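2 protein chains.
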Amino acid sequence: MNPDISRERENASFNLEILTNILDGGAEKTRRRREIESLVISDPDFQHEDLNFLSRSERYDAAVRKSAQMILKLREYGISDPEEIYSYKSVAKGVYQEPFGVHYVMFIPTLNSQCTTEQRKKWIPLAESFHILGTYAQTELGHGTHIRALETTATYDPSTQEFVLNSPTISSIKWWPGGLGKTSNHAIVLAQLYTQGKCHGLHAFITPIRSMKTHMPLPGVVVGDIGPKFGFDEVDNGYLKLENVRIPRENMLMKYAKVEPDGTYVKPPSDKLTYGTMVFIRSMIVGESARALSKSCTIAIRYSAVRHQSELRPGEPEPQILDYQTQQYKLFPLLATAYAFHFVGQYMSKTYHRISGDINQGDFSELPELHALSAGLKAFTTWATNAGIEVCRMSCGGHGYSRCSSLPDIYVTFTPTCTYEGENTVMMLQTARYLVKSYKQARAGQQLTGIVSYLNEPQNRIQPHSVSSRPTVVSINDLASLLEAYKFRALKLVEMAAKNLQAELQHSKSNEDAWNNSSIDLVRASDAHCHYVVVKLFAAKLSEIGDTAVHSVLSTLALLYALHGVAQNTGDFLQAGLLSVPQLTQISQRLKDLLSELRPNAVALVDAFDYRDEMLGSVLGRYDGNVYEHMFEWAKRSPLNHTEVHESYHKYLKPLQSKL
Amino acid sequence: MNPDISRERENASFNLEILTNILDGGAEKTRRRREIESLVISDPDFQHEDLNFLSRSERYDAAVRKSAQMILKLREYGISDPEEIYSYKSVAKGVYQEPFGVHYVMFIPTLNSQCTTEQRKKWIPLAESFHILGTYAQTELGHGTHIRALETTATYDPSTQEFVLNSPTISSIKWWPGGLGKTSNHAIVLAQLYTQGKCHGLHAFITPIRSMKTHMPLPGVVVGDIGPKFGFDEVDNGYLKLENVRIPRENMLMKYAKVEPDGTYVKPPSDKLTYGTMVFIRSMIVGESARALSKSCTIAIRYSAVRHQSELRPGEPEPQILDYQTQQYKLFPLLATAYAFHFVGQYMSKTYHRISGDINQGDFSELPELHALSAGLKAFTTWATNAGIEVCRMSCGGHGYSRCSSLPDIYVTFTPTCTYEGENTVMMLQTARYLVKSYKQARAGQQLTGIVSYLNEPQNRIQPHSVSSRPTVVSINDLASLLEAYKFRALKLVEMAAKNLQAELQHSKSNEDAWNNSSIDLVRASDAHCHYVVVKLFAAKLSEIGDTAVHSVLSTLALLYALHGVAQNTGDFLQAGLLSVPQLTQISQRLKDLLSELRPNAVALVDAFDYRDEMLGSVLGRYDGNVYEHMFEWAKRSPLNHTEVHESYHKYLKPLQSKL
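Residue numbers (this note's numbering), protein chains in the order written: chain A, 90 to 749; chain B, 90 to 749.
Hints are not guaranteed to be accurate.
Because identical chains share one entry, a pair is satisfied inside a single copy or across any pair of copies.
Below are the BS3-like pairs computed for lysine-lysine, each with C-alpha atoms no more than 30 Å apart in a straight line [claimed, not checked]:
no.	residue 1	residue 2
1	Lys-419	Lys-625
2	Lys-625	Lys-588
3	Lys-182	Lys-725
4	Lys-162	Lys-182
5	Lys-210	Lys-162
6	Lys-302	Lys-439
7	Lys-419	Lys-210
8	Lys-330	Lys-302
9	Lys-748	Lys-588
10	Lys-748	Lys-347
11	Lys-287	Lys-725
I should point out that these hints are in silico values taken from the structure, not numbers from a laboratory.
Quick caveat: nothing in here was measured; it's all calculated off a predicted structure.
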């Protein structure tokens, strides 16, 4: 054990295990999680070479092998609880992805939710035994966010009782679905349904794309890998071009909409029914943000504790990087953010499960709020995390660029969350639509409930005041007071956006133009709303914590999170009259004090996330802090070192030298 | 040609060629640059497969081949002017790197500046004929920024008149030098010089590491590749462990310091002499920022002009993404930044050349200012560009993640500039040191010259005022007025940092602690200083432009750059009393107006950067806008598509299915 990092652990002011239990949601959950993680870590079948040393084809190969192993082992161990499966896979996969991801996350859930009873009987056993490997083919080369514009067609032919699927243009080629390129033999294809000469919009069709015997593409199917990406090397995101592919009528998912044998179209009873999965996935992404950021912080803070650099006092040894104020200022607010997002993720997951119970009972009343919240928080947390991972990486100096740090892989694996499952700006605007609607209802005298109820606050509370003429609203040392400030900032920005939108409507050609011309303000309002929600949920979590020492350190983190957010957005708070100019200096000073307060607990706070070395996959983030010897060992395994002299020397360098 | 993008070009309000000439520094320079670029583009030897389809070893192989070809062709064409070589290589390399980079940028320049006349005679011809391939080995596994702490030793043995080089610890292994792993046969090794029992600090030693006949590592030399990184796959950044490696006394670079045959150490006359190269490289990085950001903007803006998505008006066709206000708000400020940085880069390059003339005449008077400026601007421009590239990438939706967009490669190739040649936070603090020193001189009544002369402005101008009690300083439509505001903001923040530092000195253990405890404020002051310089140089450039239409569009860009910066930092401007709260609303509105004003010229403004498709290497950024058909063509070439059925199916999937 590196002595620097041992000393850090001795200095912690709180009991690590208590905090870990809080993060896991209870001591028993911690115990079971660790038990499952140990299963993988002690399993020789999961020992493997760093994927970074492999070519893309080898990486794909290794990922398929691992996926197949995971399936068999999960059955062998009888692990079937979704949370436990998640734990198992997190360790087994490390920072990498599985080509079967979409099979689990989209293909089977869609079958479950959109099949008729008969269809379920046929397809689910095939999917669960992996004879059918499926993907979900929605996005097209030219169409992402706006799914109504998708071009793929499914035309019903009553003479054979088949649908004929076609990709009529280049831009209609299905593009991006994970596992589509090489792995899947079936796809749920989203296509415009035509029957009896009329288009009925998007519907889902189970489409065989490869032979279940030979795995060769079926006639009329052009399928392949979309080529290398920024990350996800081991996944075969694919393309699919359909040329008069015929499938039986029964392959349309018909739980809701139907096509009768004669071609008669039967409408679905409600359009809210497919809403749920999307909300679920977005809610889960909030938790993914917390995980990616907490892993990055673990690596950066541990390495900053063992890395020595530069000179604070002449003649003395180089200090730990973690003692530099600028380093603390980079990392500790991110650490606070990781905790904040973890608690927000817990809240989203709990809320989703509560509300889906209601939905199953036919009660959709809370869905719009959760929909708006999950959209905005998905964007808010992924943007912050995306930038935060890179700050962590760059805080590690040159070695943050090495793949052995794992930080490049964490980044490229995480960054797509800003785009998939709803592009972030679009998400922010969806939330804004809900906020503006709620704001109007509040102004019309309606009493709002739930998280937007603050929009009922009296309007005059937030009129901008000349700062000197009124007492300061915020007490910068008090989380409750800061939370009030975040609330009024959100209210102010929602109000401004709503008013600007109203003003635009006066002289715009259409509602849509007015909306577009207000969209910067609308995004800003959503951002402030989400920021308020995060501070609120962090503060709420504190009230649940009994242990004094843990409560104390988490309170410091919460205050840092809130105050740092104020410092990053001082204009908003000044503009809303929530802050006075002299307070800015106090905030700067208080932030520095909070950094110093957290310093002795920094390593313990990342240890509490409890990532095993095998899950971090990072030489810089090793628990034992023995970084440099392991970097050297890792580098020696680089494929370029398999020979002492690379063949290019004989091919190009020697001939060049002889010519000059 | 895609009709959308043609229409964009027809709508431009200015003559493209005039702007391109301004960017190049004159019509003749544009002509010659294009001539050189055509040489590469028409050369069949430079047609090659996308490196993204190759394994790392294959990429390295391709890069060595290309480097060797470039050397021969440059000689064949008689291109020897450094700027022309730069143009040639930019096209030939595309977004990739050459393993010989350090040979040109560090090895030969160091020989030139630090060799005695005799040493030059021996080494330069060998280096220029590539019989010696060199690298510059400074950074060690455990030591980056603070070079005085390097551990490699060179101990003089008078009995054989040799230096004995050693890597005494794991952390002393040389790590990161480009081309060290497999390509170079010599390295300039920075090591602590020991002679006659005394350490004389760091000196440079030409160290043979591989046989010039067989390219095998020499005895005592452990050399290899440091393994895969975030980008730079085609470069063999290396490690070097030296075990009692003996080199002749004459291999120490002895232009300044010397070791006599008997071991007597002779001091160098001045320590300023090695300053220049560093300043030069940092100045050049400012230009690299401009190039990376302008390439990213070109790709994102062209693609946004041909990409249609979502619905502005129900029933109407999907609009161009570029018509969305949120998209404009992401991209146009970055476009303005790319122009700003381009002009700053021009200034830095011109200033460097002027000052190096002075230095050659023994006049070092302007070097400290240039040193401080290049450090801060290197950090300021690379941070902004680093974040900006990712905004561009994510503004392209899912396809920004595809390697065919080139944006991932631009990012991973650029991001190391935030760390190498001086880590950015360290750079900002170097600039701050100069600012604080200058501020103190100004307060002591000294009249400052050059770019820091604003620190002489009367102190009472920037006392914080109650916003309501004094007239507003800034006229938000006037660039000159905004420039004044940036100046006073910088002055205010330098003053605050200096005062905080002074206050810390009262109760800190040491100057160094006081400095560390003020470092957040110091970085903030540097940032404001650099921001002011950028606005100033952009404004200065405008005054040189005669053409009315070009002047007009660049003025809009400059105003957008300045005003967007104010909007991002409103707290600073409010705090300094330079802005009033009601003005914030006006700024938001004015920013939207500027986005609309720029909209018709957006494509023309990126066209003016004049990047040939071959230099962008981006399907999304194609000049002709024909994106989707070329994406499909590119994807089909993916190595995973070389077979219809991947071998992993037979190895893992079929066996899995048979077990379930």
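How the hints compare with the structure:
1. Lys-419 with Lys-625: Both. Shortest intra-copy (23 Å) and inter-copy (29 Å) distances satisfy the 30 Å Cα cut-off.
2. Lys-625 with Lys-588: Only inside one copy: Lys-625 and Lys-588 sit 26 Å apart there, 36 Å across copies, limit 30 Å.
3. Lys-182 with Lys-725: both (24 Å within a copy, 28 Å between copies)
4. Lys-162 with Lys-182: within (14 Å within a copy, 47 Å between copies)
5. Lys-210 with Lys-162: Within one copy only: 25 Å inside a chain, 68 Å across chains, cut-off 30 Å.
6. Lys-302 with Lys-439: neither (43 Å within a copy, 68 Å between copies)
7. Lys-419 with Lys-210: For Lys-419 and Lys-210, the Cα distance exceeds 30 Å both inside one copy (54 Å) and across copies (49 Å).
8. Lys-330 with Lys-302: within (21 Å within a copy, 55 Å between copies)
9. Lys-748 with Lys-588: Answer is neither: 74 Å inside a copy and 63 Å across each miss the 30 Å cutoff.
10. Lys-748 with Lys-347: For Lys-748 and Lys-347, the Cα distance exceeds 30 Å both inside one copy (75 Å) and across copies (36 Å).
11. Lys-287 with Lys-725: neither (64 Å within a copy, 34 Å between copies)
Hint compliance for this structure: hints 6, 7, 9, 10 and 11 are not met, and every other hint is.
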